[in-house]
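Engineer: Line order of the protein sequences matches chains A and B.
The letter at position 62 of the first sequence is residue 62 when you use the working numbering, and the numbering goes up by one with no holes.
The letter at position 153 of the second sequence is residue 1153 when you use the working numbering, and the numbering goes up by one with no holes.
Some hints could be false.
Claimed, not checked - Examples of chain A residues toward chain B, derived with CB under 8 Å: (1) 60; (2) 63; (3) 131; (4) 134; (5) 141; (6) 155; (7) 158; (8) 160.
In short, the hints are calculated from the structure, not lab data.
Bear in mind that the values here come from a model prediction, so they are computed numbers and not experimental data.
Built from N, CA and C at the ideal position, the CB exists for glycine as well.
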Amino acid sequence: MKQIILNRLNANLPNLQKEFSEYKDELTLQVQKSDIVEVCKILKNDSELSFIHCQDVTAIDWAKRKNRFTIVYHLFSLKNKFMLVVKVDVDESECNVDTVSSVWRSANWHEREVYDMYGITFNNHPDLRRMYMPEEFEYHPLRKDFPVLGIPGSLPLPKK
Amino acid sequence: MGLEAKLTQDGFLTTTLDAILAWSRKSSVWPMPMGISCCAIEMMAVGGPKYDIARFGSEVMRFTPRQCDLMIVAGTVTYKMSHVVKKIYDQMPDPKWVIAMGACTSSGGMYRSYPVVQGIDQFLPVDIYLAGCPPRPDNLLNALIQIQEKIGRTKGRDFQNKPLPELNVIQNN
Chain A
1 MKQIILNRLN ANLPNLQKEF SEYKDELTLQ VQKSDIVEVC KILKNDSELS
51 FIHCQDVTAI DWAKRKNRFT IVYHLFSLKN KFMLVVKVDV DESECNVDTV
101 SSVWRSANWH EREVYDMYGI TFNNHPDLRR MYMPEEFEYH PLRKDFPVLG
151 IPGSLPLPKK
Chain B
1001 MGLEAKLTQD GFLTTTLDAI LAWSRKSSVW PMPMGISCCA IEMMAVGGPK
1051 YDIARFGSEV MRFTPRQCDL MIVAGTVTYK MSHVVKKIYD QMPDPKWVIA
1101 MGACTSSGGM YRSYPVVQGI DQFLPVDIYL AGCPPRPDNL LNALIQIQEK
1151 IGRTKGRDFQ NKPLPELNVI QNN
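Only chain B is shown next, with the shape it has when bound in the complex (with noise of 0.2 Å):
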């Protein structure tokens, strides 16, 4: 392979840090499975080893916001739990991502009424809208590659000074 013949040849390489930490961020996704619907069930399709996200480095599915930097938003959002993903999107670290996965997620879908939050990216910022009711696995593989071309095109400084969001507490929930 290329990379071991470089390193046998002179043993070390010539790179920038902005180019080899956004190599290694998107090669690491760890995702954070915010499974609240039908779509989840796609998304543990993606897990099981038929599509196997484990191929671009995903299979980490994290129970803990704290460890993730790509939400996977799957399933109807209700105004109710909208202040629970918000919540659980406050506590993930800096830099972070998020698919919309769904019809539902994306814009509503098919519950056209008063419940439920027409499209997340009323109170999230999105990144990708994936398509489909649900999406097929091989979608959000695809969503996951396009993900990873993002990321692989941040600099460093795009992260630096950011301020820290301020967490919303809900007393009642």
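Isolated chain A (complex conformation) (with noise of 0.2 Å):
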């Protein structure tokens, strides 16, 4: 299934940086932050491939590393019964990232939650809202600097 992917890759984009790994029968794929839609659009509409759902996107804070965060996609083809991860890093400084949602619609609810809870933005998201912490809540809390019991006073309480 690696070559077939490598192939259909090589053949629609054949500069693409990219780099394959495999840890206990998942196979991994890591492209640059600029490529990744060009990446999934073909990844979901090559008839070979055709990874037709989108399990997850999430992310990864590394807080020291240089690139901080790594944006994972979970991606599953129906056709082959086969999971692909698809990483990109992310620095610090430019905390965005092109969205997927015009690929996968479902993507356009798991980008929001990886905006909430890492502060990562998504360009041309058409909604980049929370999606669990309150609209008007300043911080990101899985980012590995926010306290595990959060920042006093940050949440509004009812008054006694």
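Put the complex together from the two separate chains, hints included.
Structural biologist: This is the structure we're talking about:
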């Protein structure tokens, strides 16, 4: 399956910078931030690959690494019964990625969740609002520098 | 029984208004089932025939706060939910009592994290803190009996001249 993905990507995007890795039978494809939408379009629309199911979009905060965040896309191909993980590195200074919600509509809410929890913005997203936390909340709770018990007074309580 | 014997003998009882009010209040506590998470399952078990809260006169779980005098907060209260809980509490007529059922409600429990209110006594006057995760149904019955004892000790003047609570209206929720 790895060979098929490689062939199809090479055929469609010959100059693509990419890196495959495998861990416990799970294939991971690392690409550049600027290429993510193109890659996703091919992964979904190519008739041999057809990763039509975007299971999840999430992120990792590495705290001290140079590229602080990694955005992780879990894709599934019902045709090939194969799961692929696509990863993109993002630096804290340029905390934004192009949205893939134009490719998979389900990515819309997943990306809103990533925005809510990590503060990564998605360019051209149709409706980038917070998913869980209140609209006026100022922090991003799943970042490593956010204290577990929260910041006192940042969430309003009703008067006693 | 004692009451029938007394009534057939004399045809009347002498008591105080405070005593008969407290007695009738405590024998028909109508709970507001504020079931937010898993504690609510144990609360339903209390309503079922095995534990049977009807033995204590509290089988009428009212789903409108206007008819309740005891709020059983059963479950994890998040900061987002706290405004709803408070709003429903404010809609209940006085006098009213609150049971904080379970560890989450009393202290945040195992959810020692940013979205969960670490104890609902930060915004509600709690009468009983009920231990357990979730508490056994008999433990909830015990809490109800404790509340009944507390109600039994009240006097009518305790509730007089109480200022009406300001309803906390939330625009966005």
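Engineer: Determine for every hint whether it applies to the structure shown.
Structural biologist: Against the structure, the hints:
The beta carbon of residue 60 (chain A) is not positioned within 8 Å of any beta carbon in chain B (closest approach about 19 Å), and the interface hint is therefore violated. At its closest, the beta carbon of residue 63 (chain A) sits 18 Å from a beta carbon of chain B; the interface hint therefore is violated under the 8 Å criterion. Residue-level restraint check for residue 131 (chain A) is violated (minimum Cβ-Cβ distance to chain B is 12 Å; threshold 8 Å). Satisfaction of the interface hint for residue 134 (chain A) is found here, the shortest Cβ-Cβ separation to chain B being roughly 7 Å, below the 8 Å cut-off.
Hint status for residue 141 (chain A): holds, given a least beta-carbon distance of 6 Å to chain B, under 8 Å. Satisfaction of the interface hint for residue 155 (chain A) is found here, the shortest Cβ-Cβ separation to chain B being roughly 4 Å, below the 8 Å cut-off. Contact between residue 158 (chain A) and chain B, as hinted, is supported at the beta carbon level, the nearest pair being about 4 Å apart and thus within 8 Å. With its C-beta approaching chain B no nearer than about 5 Å, residue 160 (chain A) sits inside the 8 Å limit, and its interface hint holds.
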